[in-house]
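Number of protein chains: 2
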Amino acid sequence: MKVSDLGEFGLIDRLAEVLAAQGGPELSGRLAVGIGDDAAVWRGENEALIATTDTLVQDVHFLAGRTPWRDLGWKALAVNVSDIAAMGGTPDFALVTLVLSSDEDAEAIDELYRGLAEAGEAFGVAIAGGDIVHGPTTIVSVALTGHGELDEHGEPLVLRRNAARDGDVVAVTGALGGASGGLRLLRADGDGSEDARALIARHLRPQPRLEAGRAALAAGIRCGIDVSDGLLQDLGQVCKASRLGATVWRDKVPVDPALRALDAQEALRCAVAGGEDYELLLVGDAAQIEQLRDALDVPLTVIGDMVIETEHRAVLLDEHAKEIDVPSGGWDHLRSEA
Amino acid sequence: MKVSDLGEFGLIDRLAEVLAAQGGPELSGRLAVGIGDDAAVWRGENEALIATTDTLVQDVHFLAGRTPWRDLGWKALAVNVSDIAAMGGTPDFALVTLVLSSDEDAEAIDELYRGLAEAGEAFGVAIAGGDIVHGPTTIVSVALTGHGELDEHGEPLVLRRNAARDGDVVAVTGALGGASGGLRLLRADGDGSEDARALIARHLRPQPRLEAGRAALAAGIRCGIDVSDGLLQDLGQVCKASRLGATVWRDKVPVDPALRALDAQEALRCAVAGGEDYELLLVGDAAQIEQLRDALDVPLTVIGDMVIETEHRAVLLDEHAKEIDVPSGGWDHLRSEA
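These protein sequence lines map, in sequence, to chains H and V.
If you count the first sequence from 1, you need to add 1 to reach this note's numbering.
If you count the second sequence from 1, you need to add 1 to reach this note's numbering.
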């Protein structure tokens, strides 16, 4: 069997199986969240410790010659910060691994570093070290540590994918689809309009929702994930982990207004399947979500509900509660294109 | 200027410069060891937190078709454990990033995971998560966290590259050159002898010196580095960081006995410039080193001295104290071959 037959999520499940028996009782006891959430979490001395890693590969995650190096640096750190935000944590220190071909311009790498430093300053992260190796193409991989609080029982207090309950409402920060629209424009050179510039910025300079993640925990919410692979796919991960289904009302999805040049169908597709918006999906009871909305500066929109459903799917419904089929459900970087 | 003109160490210096001003006072204050040592170290609550990352790229760090996948998994984790050993710390949790081409065999990846799990069990590390992405070649990158103690002033108690003093002696654990000899044999198919198998195992299954690192701290030693790029190159990093020179006596270098089939000159070259032995270089006063030797199960050999020298070089001397020129000083994966 080939990796392309399994896809990224199939491989992760296999990894989890092989590793299930490992670690020893002492470490396994300290590990509160392992494979299968946005970040790993374990108990440190008097705090929860959080770690995550995310990798950008040239021509898979960014376009050579079209993604400015400084923006690439920003994004490589920001997507990891978003994983910490999705746990409700605070990021601290980053290790940066660069795979470079030896004929790359050193000035380009300086720009990459500047983008990393800018994002570090914006999100309170210090770059503490890393590794630079030779390889056939450019790859930027960041490992990021962070911390959170322990609850009154000494357990890490974090947002989990598996914490949704039947009857919870599903809410999302900000607007969706902009990053995916921006990627199209970056490929097609855009038209220089204000909307086009806004969309490209959404793609190149994600703004992780650190405040929203922490405020969600403070409001009593315990379930969250970031929108990295596409709304329906990421909500599907919550469904799978929580063993529930989810319904999303098409008319409630906050489609990025800068997508107004697209027809409504296409804009919706960007918003529900496009990925890389790095907004937060938060799932909790309606009163908690209401309380959180009042506490946030960023918009928070209720888009659907968690329901009992045996296939653990997230489905999109029209105004007649009829399911809408959305072609190609988000990103899976290893699976062959259908 | 191209990356190949700067080399890995030149790029790291540039990165350090660009990042020098970043981070904000709160984080910079917590960061005890940043770029330029084996691992990053910061103050957590009541403990020192340590993190490192190391990456293996196909056909740069391992040979496609000749490195068994299970050994690759072991090595990917073990080289990171060695960085924690070189700080005198204890490893805890690993994040594993795999870059895979989509036509890779899924069974091969299972073997890789098994090797990671074996090393995890051997060194007390739990695999806590990671990332799997598509790319043009196979790359395994591990980020590893660990911990150490704080001293009586609340500062991390770790081995540093910059802590050598004039008059200190230089000692090394185990034997050197075996990994480099094993790589040659792996390329050349070996001769199946016991020595050949031992050398190949040294290359494929490094055994980081965790106990030696911690025992060195307990003996009062404060300076160390692991032998990853080659004895003289790694000792050169200690010289540069400590602003001293070092002399190593050729006749004292513990050359791996399994290299006996090579002529003495070639075996010496493997031992002082070969790299990947993952032994520890420890630098301290003679009495501390003596005390440490008595406490260790693994051999510890005094091979030289730290001296005042303005070029901050590590040099190899013959029995007449004449410098021996060693061609090609260890690994620098980005610099073009001379």
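It is possible that some hints are incorrect.
Note: identical chains are not told apart, hence a pair may lie in one copy or across any two.
The calculated lysine to aspartate or glutamate pairs, modelled on DMTMM-like cross-linking and capped at a C-alpha distance of 25 Å, are [said to hold, decoys possible]:
1) Lys241 - Asp6
2) Lys3 - Glu18
3) Lys253 - Asp104
4) Lys241 - Glu312
5) Lys323 - Asp60
6) Lys3 - Asp60
Hints are computed from structural coordinates only; laboratory data are not their basis.
Hints and how they fare:
For the homomeric pair Lys241 and Asp6, the shortest alpha-carbon distance inside one copy (20 Å) is at most 25 Å, but the shortest distance between copies (50 Å) is not. Taking identical chains as interchangeable, the C-alpha atoms of Lys3 and Glu18 lie at most 25 Å apart only when both belong to the same chain, with a minimum of 18 Å there against 43 Å between chains. Within a single copy, Lys253 and Asp104 get their C-alpha atoms no closer than 49 Å, and across copies no closer than 40 Å, so neither meets the 25 Å cut-off. Proximity of Lys241 and Glu312 under a CA criterion of 25 Å is satisfied intra-copy only: 8 Å inside one chain copy versus 61 Å between copies.
Proximity of Lys323 and Asp60 under a CA criterion of 25 Å is satisfied in neither setting, with 37 Å inside one chain copy and 53 Å between copies. Taking the closest pair of Cα atoms, Lys3 and Asp60 come within 25 Å of each other both inside a single copy (21 Å) and across two copies (21 Å).
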